[in-house]
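What follows is the residue order along each chain.
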Amino acid sequence: MIITLDLDSDVPLYQQLRDRVVEGIAAGQLEVGSPLPASRALANDFGINFHTVVKGYDLLRREGLVRLTRKSGAVVQRDRSSGVPSSEALAVWAGRMRSVVAEGLAQGMTPEFLLSRCREIARSFGQPEGEEDQV
Amino acid sequence: MVGAVLVLLLPLVMMVAAAYVLPSVVAPDVPFGVRIPPQKEASPEAMRARSTYRATVLWAGGAVTLLAVAAALASGISLVLIAAVGVVLAVWLLAYARAHMALKAAKRDQGWYAGLHQAVTAETSLRTSPPVFPWLWAVPSIAVVALNLVVGIVRYPSLPSRLAIHYSLGGRANGFAAKSYLSAFTPVLIEAVLTALLVVAAAAWLRSTASLDPARAEESLEHHRLWTSRMTRGLLVVSACMNLTLLLTSFKVWEIGGALTAIPAASGLPVLVGAAALIVVALRTQQAGASQAAGARRDGELVPRDDDRNWIGGLFYWNPADKALLVPRRFGVGMTLNVGNAWSWVILAGGIGLAVFAASVRHQP
Chain A
1 MIITLDLDSD VPLYQQLRDR VVEGIAAGQL EVGSPLPASR ALANDFGINF
51 HTVVKGYDLL RREGLVRLTR KSGAVVQRDR SSGVPSSEAL AVWAGRMRSV
101 VAEGLAQGMT PEFLLSRCRE IARSFGQPEG EEDQV
Chain B
1 MVGAVLVLLL PLVMMVAAAY VLPSVVAPDV PFGVRIPPQK EASPEAMRAR
51 STYRATVLWA GGAVTLLAVA AALASGISLV LIAAVGVVLA VWLLAYARAH
101 MALKAAKRDQ GWYAGLHQAV TAETSLRTSP PVFPWLWAVP SIAVVALNLV
151 VGIVRYPSLP SRLAIHYSLG GRANGFAAKS YLSAFTPVLI EAVLTALLVV
201 AAAAWLRSTA SLDPARAEES LEHHRLWTSR MTRGLLVVSA CMNLTLLLTS
251 FKVWEIGGAL TAIPAASGLP VLVGAAALIV VALRTQQAGA SQAAGARRDG
301 ELVPRDDDRN WIGGLFYWNP ADKALLVPRR FGVGMTLNVG NAWSWVILAG
351 GIGLAVFAAS VRHQP
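So the protein lines, in turn, are chains A and B. Heads up: the first sequence at position 60 corresponds to 60 in my numbering, and the numbers run straight through without jumps. Heads up: the second sequence at position 12 corresponds to 12 in my numbering, and the numbers run straight through without jumps.
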């Protein structure tokens, strides 16, 4: 999977790394069992500090999306077919979702508009097999 | 004397041709060792740097070549060839340096990276399932060394007690060594060492960090795969050619091979042909990639990171943070040592020591 980090962005590099991996899983490019390179190797390829990659991997680990391997790499352990997330993960996600929804409402969007945009965005990550379109 | 003229002419012409062609062989966004944004690849400054370099290389290099040939034909001294090679290299270096500094100045004075977001791009599968080393392509190279060794073992007992190890332009022997395992098998030893080095270099090339363009990541990844695949295989072929050249040299020293080794230029041909073929393959691969890139739409404002600070003069790679020992050259075809890595100095010292040792062995009265 191709990962690009914008060096001149306001978003920290470890956060960008975490975000790209999450998007990769959402888009089906990464699945349960997909390996991620050893942090030193990936840091070397990016030409960034090794600790930045470690921090990014750690974020993913705490979210339960990857588990770290002995070889200092990581393996994806949740994807779209993994079923309902843990109540913790759901709570964290709901908390962030609350801010995003509030932003939309504050800007004047109606709930219906908000929902339809959310649906579009969810669809943009593609449709894995066996998942039904729930209206 | 035709053979002598060829011996002089061919390497010099090849060097000038290689120097001329090189700007089209290197990645277009790193001209003359200077990293530039892809948007500036066709800028007037880049075009001018290239045309000036090429004109210098062609005219000065051509003049030196002609002078060297004339001087050698007149005097019959092979030293002229070595001097000419040195002068052509100096011309090459100066032409490169001028282009390098002109581009660096343009980049700085015109603020080429202002307003652009620099980014780094990596493909994870290059590390989680790296490409397999093409051992089959190393077989010819290793086979030649084995063949050379076997022939040498068979021939050794019947060798004369004094070996002619150096020949003049006219084909007469003018350097000798007493027969010993070391003096007789020097070519084989050199082949073995060179083969090992080139296999290591090829492996390093295959595993080198991909320089991907964030605005057209998929295509640049595809290009990287094709480029490293072809170049590593090409390097192994060049290794086989080098070994063939050394094999023919050894046959001459061992006084076997007859007509094949009688022509002074014959032994040099395999390595020259191999090197020429590698450059042609490199050129065509790079041109195919460039024409594909020129037509592609650039996605957003992301550009590859300006990593000039890791390169001294665009020629020497200095990066203690990079764990790689060998990295692809910026201006050239092949690998270069990471001088920021301490082991590089150990290797350099070892290499110099080996060369001195080999030279001392050969020049015994």
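Hints should not be assumed to be uniformly reliable.
In silico BS3-like links for lysine-lysine, alpha-carbon gap of 30 Å or less [to be verified]: (1) B:Lys104 with A:Lys55; (2) B:Lys179 with B:Lys104; (3) B:Lys104 with B:Lys323; (4) A:Lys71 with B:Lys323; (5) A:Lys55 with A:Lys71.
Hints in this document: simulated from the structure, not taken from any laboratory.
Any hints this thing doesn't respect? Which numbers, in order? Checked against the structure, the hints that fail are numbers 1 and 2, while the rest are satisfied.
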